[in-house]
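The whole structure should be built from the sequences, with the hints applied where relevant.
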Amino acid sequence: MNGNRSGTAVGDAEYMEIQRFLYQEAALLDRRDYRGWLGLLTDDINYRVTIQQVRPAEEAVQRFCIVDEEADSLTLRVEQLADPHLTHAENPPTLTRRFLSNFDIAYGTAPDSYGVVANLLVYRNRTTGPEAGFYVGVRLDVLRRIDGALKIANRCVDLDETVLRDSTLSILL
Amino acid sequence: MQKNGNGTGGWVDVERGLVSREAFTSDDVYRQEMSRIFDRTWIYLAHESEIPSPGDYAVRQLGSAPVIVVRDDGGQIRVMLNSCRHRGTKLCRADAGRIDNITCPFHGWTYQRGGALITTGFDHHFPDGTDFSELGLVHAPRVDSFHGLIFACWEPDVIDLTDYLGDIGWYLTAFFDRTPDGMEVLAPPHRWRTRANWKIGSLNFIGDRQHTATTHIGPSTLDQDRSIRDGFRKARQDSFHVVTDEGHGCTLTYLALGMPAKSYDTHAEALQPLYEQSLEPDQVAMLHHLRVSVGTIFPNLSFIESQAGSGEKAVILRLWQPVSGTEMEVLSWVFAEREATAEYKDRVLRNGFHNFGAAGVFEQDDMELWASATAASDNPIARRHPYSFQTSLRYLDAPAEDHKWPGRAHRPADTEVAQFHFMRRWDALMQSNR
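In the order they appear, the protein sequences are chains F and E. For the first sequence, the numbering used here begins at 773 and goes up steadily by one. For the second sequence, the numbering used here begins at 124 and goes up steadily by one.
It is possible that some hints are incorrect.
Pairs of lysine to aspartate or glutamate, DMTMM-like flavour, derived with a Cα cap of 25 Å [as the list claims (entries may be wrong)]:
(1) E:Lys-213 x E:Glu-452
(2) E:Lys-527 x E:Asp-286
(3) E:Lys-213 x F:Glu-831
(4) E:Lys-527 x E:Glu-369
(5) E:Lys-468 x E:Asp-304
(6) E:Lys-468 x E:Glu-171
(7) E:Lys-468 x F:Asp-816
(8) E:Lys-527 x E:Asp-361
(9) E:Lys-213 x E:Glu-278
(10) F:Lys-923 x F:Asp-884
(11) E:Lys-213 x F:Glu-830
(12) E:Lys-527 x E:Asp-331
(13) E:Lys-213 x F:Glu-933
(14) F:Lys-923 x F:Asp-815
(15) E:Lys-468 x F:Asp-930
(16) E:Lys-468 x F:Asp-844
(17) E:Lys-213 x F:Asp-932
(18) E:Lys-468 x F:Glu-842
Pair by pair, the computed Cβ-Cβ distance ranges are [as the list claims (entries may be wrong)]:
(19) F:Arg-803 x E:Arg-154: 42 to 52 Å
(20) F:Gly-905 x E:Leu-516: 41 to 51 Å
(21) E:Ser-176 x F:Ser-873: 39 to 49 Å
(22) E:Gly-244 x F:Gln-824: 27 to 37 Å
(23) E:Glu-466 x F:Val-833: 17 to 27 Å
By construction, these hints were calculated from the structure, which means they are not laboratory data. Beta carbons: idealized from backbone N, C-alpha and C, even for Gly.
Here it is in structure tokens:
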């Protein structure tokens, strides 16, 4: 992932533009506009969510994916969530509110691309049960400018979790 | 219905095909399950490939107690209570790792990784004649593995693992030891907590074909591969439940056996000759036609082999670990043949957890509905009304005569016969193991 960042921070104008794009994207997911969200992805999207195993401090952190999708499988996942007749986990829907902070935005190594690191906090209220809680982690995105518009080409969400305490993950991060 | 009132004092009404909701909600039942079943029978802990080298360990749950599953210097698997003999401190506080000697962080008692006490640090203050060899870690008295699947038991007199698995072993072999090098775990287990009774998981996997069309309406609607659905339809009459005396069972879903073998592209071409080397011809024939298989090893281990892609099969192992009467922790591992290519394993892993992992498109709907069943049953009014397993009754005493493989088979495969079989075994143990 770091290989996609050049190490050169973007200027203020692009910093603001990218923040605005990602805030709008978060609002779109909070509104559960899933098909709209698919429109923000490149055709070669790779979307991952990782957790880690509790290991001794002397050992290297071992992360592993709980979600690892490319366009085809991600579309299937999103179509299931988007259609109320095709999901029980999200019907009635989970209430969510996404918060992004601690942005570090650099030019990508590829032309017209950016590498974004940001902290992510998602409040989730599973309305059908007593559970309400947070997903917290760091998000690493690669954005690409295509015909002037920003698109998400790669997303990896490293959650600060070892055991999901609130049952399975059924929202997008 | 609290208990069934038929005089046996159990939770299962055998005659009417009913089970008390208390069995699926009560913390008192959970505590009895721990002492009467989980601390007395073989429980699955880990796969040998998770701890390949001496010193590799994983912390898992054996019945009511957390244990260290470790490979000792001689390569033997040891299962030991994760608690210091001195004042009880947890010795391995990570979920997995590598240890040399084990030194308790509290006062410094030090053990070999095989469990023997090396020193307390204060041996000279102990009474003369103290036998320090008796102060090693507490071992599970019975540890064994079946094709790399490690089980242990706190009851020294339990029957041998192979006998315990019995006829289901024939099927497990076809999934977990079908190539010369066997299977391996591809990643650490996905783990999640769900507010549902653990038995719902065991029942779901032993044979609940009635839930697939409704619970999994999402994936089954979005599956555009018409040939698979057509195959499913043709397969219906050739699918069956298999049950065994210990309460194990599985459900095998076939393409019609009469169809040409190549009409359904199940397993990777490169792996098929390896199956022929390792398995009996009947096991190969079974795998060759299999669309999907699910099963449960009593009490809380389940497996599923399903299509990952054309010519790929994901094998998933699943543990339903009770936390209380109304909560469990789920562990889910994905397996592939060691001989398979790295690309094949990667596809199997990704597809395995796309469907059945901690964010699986099947799993998320299962968990929502299991938690909802548990929540809605956990009150005195609901508990007056037992769960129905009535679609088992017509079939319980009528096994398929033409089944030539181990275990008793029942057709059709969309009844609750395997589930009720599980609950009868559960009830018998709960009544007898006092």
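Run the distance test for Lys-468 of chain E versus Glu-171 of chain E: straight-line Cα separation, threshold 25 Å.
Distance of about 18 Å is within 25 Å: holds.
Taking 27 to 37 Å as the stated bounds, is the beta-carbon spacing between Gly-244 of chain E and Gln-824 of chain F within them?
33 Å, holds
With a cut-off of 25 Å on the C-alpha distance, tell me whether Lys-468 of chain E and Asp-816 of chain F pass.
Status holds; Cα separation ~21 Å.
Can you tell me whether the CB distance of Arg-803 of chain F to Arg-154 of chain E sits inside 42 to 52 Å?
With Cβ atoms ~46 Å apart, the hint holds.
Holds or violated: Lys-923 of chain F with Asp-815 of chain F, Cα cutoff 25 Å?
10 Å, holds
Supplied distance hint 41 to 51 Å, evaluated on CB atoms of Gly-905 of chain F and Leu-516 of chain E
Once the Cβ atoms are compared, 42 Å apart, the range 41 to 51 Å for Leu-516 of chain E and Gly-905 of chain F holds.
Tell me if the beta carbons of Glu-466 of chain E and Val-833 of chain F are separated by a distance inside 17 to 27 Å.
Because 26 Å falls inside the window, the suggested range holds.
Does Lys-527 of chain E pair with Asp-361 of chain E here, judged by a C-alpha cut-off of 25 Å?
13 Å, holds
Hint consistency between Lys-923 of chain F and Asp-884 of chain F [alpha-carbon to alpha-carbon, up to 25 Å]
OK: Lys-923 of chain F and Asp-884 of chain F at ~11 Å, within 25 Å.
Does the alpha-carbon distance linking Lys-527 of chain E and Glu-369 of chain E stay inside the 25 Å limit?
20 Å, holds
Agreement of Lys-213 of chain E and Glu-933 of chain F with the hint, judged by alpha carbon distance not exceeding 25 Å
Given that 25 Å is the threshold and the Cα spacing comes to 21 Å, the pair holds.
Checking one constraint from the list: CA of Lys-213 of chain E to CA of Glu-452 of chain E, max 25 Å. Satisfied?
Satisfied, since the Cα-Cα distance of roughly 20 Å is no more than 25 Å.
In the structure shown, no violation is registered for any of the earlier numbered hints.
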